[in-house]
Amino acid sequence: MLQSPPFSIRLEPSAPHTQAQNGGAERSGGVIKEKATAMRSGAKLPSFLIVYILKAAVYLYNRTPKYALFWQSPYKVYYTYLAYRDGVAVLDRKPQQAHLQVYGCMAYAMTATAMKKEQRLQKLNPKAWIGFLVGYRSTNIYEIWNPLINKVIATRDVQFNERATFSGDIRDLKDDLLHVTEDELRKLLRQVELPDQAHGHPIHTQEEDEDLSGIIQLPVGQEGWFQSGTGVQEDVRDGEEQACRKTEYIGVTCRHRREAIKS
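Position in the sequence shown (from 1) plus 121 gives the number in the working numbering.
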């Protein structure tokens, strides 16, 4: 007999290969396994997280009402019994469920740098990393799986997105811009079609627009005149080469413009 105050637990092993003699424990194990299988299938978590999935299945099973317990949870029945035995005034020990989230949902956990309040001058640095809920330590401590480093981290400071779950493919979490090659990027750029070019309209950058803002096309009958950036009109009929070199009509120099008129 094992002496474990205030209880005394007696071990009564069953016969070898006779699971029927241990029916209660065997059936409980089967229920937990089926629950864990459904949880893993719904969350699409990898199989190596089986320990965390089974622990989460037990955690949720103990907080689920049962028909055999008159729609009470095993948690409530057990802790209510302990309170009654120890003479505690509050006998109704219902489990807290406000902290429960969709199993396997996406989680945004605060980074260690942010929790330690380090590098506070770097205002634009990310303050969280993306993971997925795989278990509970308590009502305010969650077990979050980080697929990029393949570790499960216990944390309190976390926000959940219950509409998003793991897709089953870790490649969906990578940053495509960090992994694309130069040839792939060049190919993607060639596939981009600019709408203005597609319709035959020229495209001007902001710098070109600023350079052309001081140039005004000459009206009909004043082809020999041009307007400089200062707004002063000057005559270029008598060979003012310097003015022609400095000033352009839209794509046509003064000299070429004048020669085209004479011809």
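It is worth saying that the hints were derived from the structure and are not from the lab.
There could be a bad hint or two in this list.
Claimed, not checked - With a straight-line cut-off of 27 Å between C-alpha atoms, the simulated BS3-like cross-links for lysine-lysine are:
(1) K154 to K238
(2) K238 to K187
(3) K156 to K238
(4) K187 to K197
(5) K197 to K176
(6) K215 to K154
Hint by hint, here is what the structure shows:
1. K154 to K238: 42 Å, violated
2. K238 to K187: 45 Å, violated
3. K156 to K238: Measuring from Cα to Cα gives roughly 40 Å; hence the hint is violated.
4. K187 to K197: 11 Å, holds
5. K197 to K176: 19 Å, holds
6. K215 to K154: Holds, at roughly 25 Å.
Taken one by one, the earlier hints fail for this structure at numbers 1, 2 and 3, listed in ascending order.
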